[in-house]
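With mature numbering (1 follows the signal peptide of the UniProt record, and there is no 0) applied, the sequence shown corresponds to residues -31 to -1, 1 to 719, in that order.
These are computed hints drawn from the structure, not numbers from a lab.
In this text, a Cβ means the ideal position worked out from N, Cα and C, and glycines have one as well.
Hints should not be assumed to be uniformly reliable.
What the hints assert, rightly or not - Listed below are the simulated DSSO-like cross-link pairs for lysine-lysine, each with C-alpha atoms no more than 27 Å apart in a straight line: (1) 296 with 190; (2) 35 with 273; (3) 312 with 296; (4) 312 with 380; (5) 52 with 35; (6) 380 with 273.
As the list claims (entries may be wrong) - Restraint ranges, calculated between C-beta atoms of paired labels, are given here: (7) 311 with 222: 55 to 65 Å; (8) 386 with 133: 55 to 65 Å; (9) 542 with 299: 24 to 34 Å.
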Amino acid sequence: MGFTQGVRSQRSSRLFLLVACLMVPSSVPLAAQVPPPLESVPEPLVFAGSDDYPPFQWHDDNGMPKGFVIDLQEAIAHQQGLKAEHRLMAWDQAVEAVEAGEADVVALFVSEEREERFDFTSPIYHVAHGIYALSPDSIQKDPSDLSGMRVAVVEGSYAQNRLRENPSGGELRPQEDIRSALLAVAEGRADLALVAAHTARHVIGQSSLDIHQVSRPFWPKAYAFAVRQGRDDLHAWLEEQVGLLQANGTYFEIHADWLSELEWQPPTWRDNLRTLAWIALPLLVLGGGGYLWSWSLRRQVTRKTRLLSRELESRRSLQGELEYRLKHHMLTGLFNRSAFISKLDGLVEADPDWSPTIALIQLVNLEQLITAFSYQVALELQRAFGRLLEAQDFLLVGHFGSGLFAIATSKPLEGNDIVVRLTEPLNLGSLDLDPVYVVGIVNEASLEEDDGADELIRRGILAVAMARDAHRRWVIYSTDLEPDIDDLLLLQDFHRHGTRDMFLEYQPQLEIETGRVRAAEALIRWQHPTLGLISPGRFIPMLEQAGLTHWITRWVIEEASEMLRRTALVASGFRVSINLAPQDLMEPDLVDFIAQSLAATMPARSLWLEITETGFIHDPSRIRDVLSDLHVAGARISVDDFGTGYASLSYMSEFPVDEVKLDRTFVGDMLTNDRHYLIVRSTIALAHELGLTVTAEGVEDEETLQALVAMNCNNVQGFYLSRPLREESLLAFLDRDMAEMLSGATHSKE
């Protein structure tokens, strides 16, 4: 009965169109939910960083900030007409400045530990680490085994944090910056330096240090801009600017300017001349004994050359792997979404008169496979299905993740064409499984001048959604599938006004043992100024598809918490149940907000969180971790609409669940449907054995209430008890004596 439930009409499914076109923030700010306007960004925008971290950022001979990251920061500020201020200092001081609010942004390696303190943008570069020593004999030194070594690292760096979290046996010697770490090795104060490879090569070359890289590059890490957690407006704005840099080509222009500094370069003739002079001087001094000495030196030069060749080979291998990962889905090796769109755009540009045909294919039985077999079987099915697609004569084949595949061909397709070609059992070792899928076809699509391949993909996804909701094997795209103007108006108004026209109603829940109403479910309503009262079954699926439900969830939690405090119901032990969509639990900011709201609500158990049964099947490991954290924070978890999905109570017992809510589908007709009656009775009994309470939804008559009392159901909810009520009506309803309603049921039980 949660707000994620409802009839997902074909009309609402058509709204996939709007995910792409309406997620761009409106010029009119949301009521507390819209991405930040430019006025909320500080000016000047203060960037902190290291004063000795070439080629990314450092002070030149004139004391001016310089580097690849400096140019990116200037471009970000310039494209919005802002002034950038670059404060370069010791590395650990730069990080502390952002945490203390003395600076706004700092460029950091992304790590799990730092994600607890900072919000990161998309990566702006990838940097590997290396191990450096005086002697080149320590080839292939493993960073996981540094036993007995004094290891120089930069204070506050990613390397220091990782070695602290995963001790490797070495003694860490923190230094102010990479130059200091390398000097510690050169001066004998450390045996090894474990630092970022790009900057280490620059410092070694600039300072003519006789230090060698003794390992292959490792720990390739994303390098991104970071802001202190809690500055959501600045983070959203900064993420948008990073994307804009790439979209308008500025990022690639800056990268090209710094390419010679960022990429490894072979030794120049000056480097070789310097090496030859270093070899020649001892030969002149030693005179007649120079043959043996020169042989030794030649061997050393050969070793150095071999090391440099290995480093270059490793660098090329790493670069190739990164480029491959950027273009391919790692599960199947097929083109990912961005690469597929890029390739398709290239084909269209090469022949503007060509009208491609594409098909989106969605595997729909992955959840059942996870439940019946395992997550690994679902992965193997996707791999096998990808190989089956590759074996066909399609121009392009892609895998977008979560069982969604794409193909492109030059010939029109019919649904039967694809079904015939792809209907064969897939061998998964000890299993032979038939893939179950739906297909969305876009035949000989004609694109407008401003459209690209991503528009074809959008149309295909829309056709897939229609096929899935209509329980059809395939759907061919037509303009009739596009959403109507009223739905477009609703989404536009939500972007402009947020939850301004929304309000909450509360449906009471009767506790059978005490005969008291001690709980209610919060239900959202939308009173649109022109369209009137909008059904939740219409706008909830629409906002889910647009990825906007987390804004509603946040608002419902705020409103319900405030109602509990305002009415003093929290002091009486009254609780309110709030519905969460599965994707809400994937939003780290929203989960943090829920935890904070629980901490502010005394007691925390006054807020119960309802999640639909099918929500537990999406990424179960992640859902389990998130629910465990919320449970520790004081939340109580209900499984909503139980019985409508594929999970069992034994499966639910693996999660921190406190309550099961029986779906109205079974409760409403259980007195006339023997099968539903048995399901309700057995579910209540098994739930009690597992230590769970049970709430029955959809109780609409006295006979159903009597039957549930006889089954020892804990709580009931439905129109027989009360329809959803506004706050004032709820308070009046709580004063009613429910004993008379329960008296007949109690006598029946006796």
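Determine which of the earlier numbered hints do not hold for this structure and return their numbers in increasing order.
Failing hints, ascending: 2, 6, 7, 9.
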